[in-house]
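Listed in order, the protein sequences are those of chains A and B. Just so you know, we're using our numbering here: the first sequence kicks off at 1 and counts up by one. Just so you know, we're using our numbering here: the second sequence kicks off at 1 and counts up by one.
These are computed hints drawn from the structure, not numbers from a lab. This one's a predicted model, so the numbers in the text were calculated from it and none came from an experiment. Each hint should be verified, as a subset may be incorrect.
One copy or two, either will do: identical chains are not told apart, so a pair holds if it fits within one copy or between any two.
[What the hints assert, rightly or not] Cross-link-like lysine to any residue pairs, in silico, SDA-like; alpha carbons within 25 Å at most:
#1 K48 to S26
#2 K172 to K187
#3 K187 to D156
#4 K56 to D156
#5 K174 to L143
2 protein chains.
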Amino acid sequence: MAVLYGVSVGPGDYELLTLKAVRILSETDIIAVPRTKSENTMALSIIKKVIDLSDKEILWIDFPMTKDKAVCAENYKKIGKGLESILDTGRDIAFITIGDVSIFSTFSYIARYCSDDGYDVRLIPGVPSFLAVSAQLNKPLALGKESFIVMSGNSDNFEELLKTDTNKVIMKSKDCIDRLKRELDGKAVSGIENCGLETERIYHSLEEAEECGYFTTLICRGDT
Amino acid sequence: MAVLYGVSVGPGDYELLTLKAVRILSETDIIAVPRTKSENTMALSIIKKVIDLSDKEILWIDFPMTKDKAVCAENYKKIGKGLESILDTGRDIAFITIGDVSIFSTFSYIARYCSDDGYDVRLIPGVPSFLAVSAQLNKPLALGKESFIVMSGNSDNFEELLKTDTNKVIMKSKDCIDRLKRELDGKAVSGIENCGLETERIYHSLEEAEECGYFTTLICRGDT
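One chain only, chain A, in its complex shape (with noise of 0.2 Å):
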């Protein structure tokens, strides 16, 4: 039976993948590449540094810019059987996505749905941008009995998160550095746009965060 690999590609730095990604894409004629209408394909432009594209059919996802549910799900169902029916002439697919598979990357749905039809369905672990930025910063995330919580700006309980007696990562902060001010007085918050590309910017404190784009990730430790 065919195989659907859902590979996590990293942060940013091509250096990142693992040598399993490289290994899985090298080896399967069909990428799948998640595209939006910005034509956001930071996922392929990664790959492109290590891995040979030239014979590989490029199959372009495409996702529509909603947060409608209904309208979300119905994209899936269509994204699953376009790959089904691939699948079902024998050809493995990998579908590639930044960071890693199982942080908020919507291969989660499409996964999930082939993989109730049956379907072989692998996914790759990867490293998820916020453990690049923990490292950049040389700032650890847990340490003897500590624990930390991964969180976005759109996440339910928000602000309940945020008191939660743990670190924090704060991942797509874009839209959330006035709450995470408010909730986060006093503490000492640095993190990263881009991490590990060109466009990257590190940020210090809150108020240098205030411009920050999409990608960007915050750290906040307990005890600084």
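Mind docking chain B on chain A? Use the hints.
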């Protein structure tokens, strides 16, 4: 100035090493390998499958099996000073650490010590065990407006954290199964011990995990 690298080597499967980890380990002559009294040198056994160690100098780093903070601090200082004396001769060192270097890694203390002393410390992020577990179980950690918490059986506020309305990752679950049963009563929990290794075991419930070993990571999603 010579560089002290903290190199994440992933959870166990050597293919989850990143290209960057492989490059740095290949280029660096001295590999620092953490070792406990029980001779747990998993990190070394992972890189052995990819890196030719015949020309490398292995620097064994011994950690005492104690929770006494003063003894640990004294040991970190001793290790830090030892590494610094090598860096002073102009030779780089790659200190390997399983999983990711920012999560429950004793190297964080060494990194801080040498960094505070003005040495060039660079952390290379990697794949943490919990992402290998979530990928293999096909259990996403965060979808849409969700968030997740990463804790261990030793975490402060263990019970309180489990009550948080998030998805949960519980690392080093060995000695907290009974407490998890009490707090997560009725919720679906699954996990993997020694993920990616030959000794890997999958658990589909807390009951199954009762006799689990040290490197067991459990996942509890709110919706299942």
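If the cut is 25 Å between Cα atoms, do K172 and K187 qualify within a copy, between copies, both or neither?
Classified as within: same-chain Cα gap 19 Å, cross-chain 29 Å, threshold 25 Å.
Inset, instruction - With 25 Å as the alpha-carbon cut-off, assign the pair K174 and L143 to within, between, both or neither. - result: between (28 Å within a copy, 18 Å between copies)
Check: Is it within a copy, between copies, both, or neither that the alpha carbon of K187 lies no farther than 25 Å from that of D156?
Finding: both (22 Å within a copy, 20 Å between copies)
Within, between, both or neither: K56, D156 at alpha-carbon 25 Å: neither (40 Å within a copy, 50 Å between copies)
- prompt: Are the CA atoms of K48 and S26 at most 25 Å apart within a copy, between copies, both, or neither?
  reply: For K48 and S26, both the intra-copy (11 Å) and inter-copy (23 Å) Cα distances are at most 25 Å.
Going down the numbered hints, you'll see the structure goes against just number 4.
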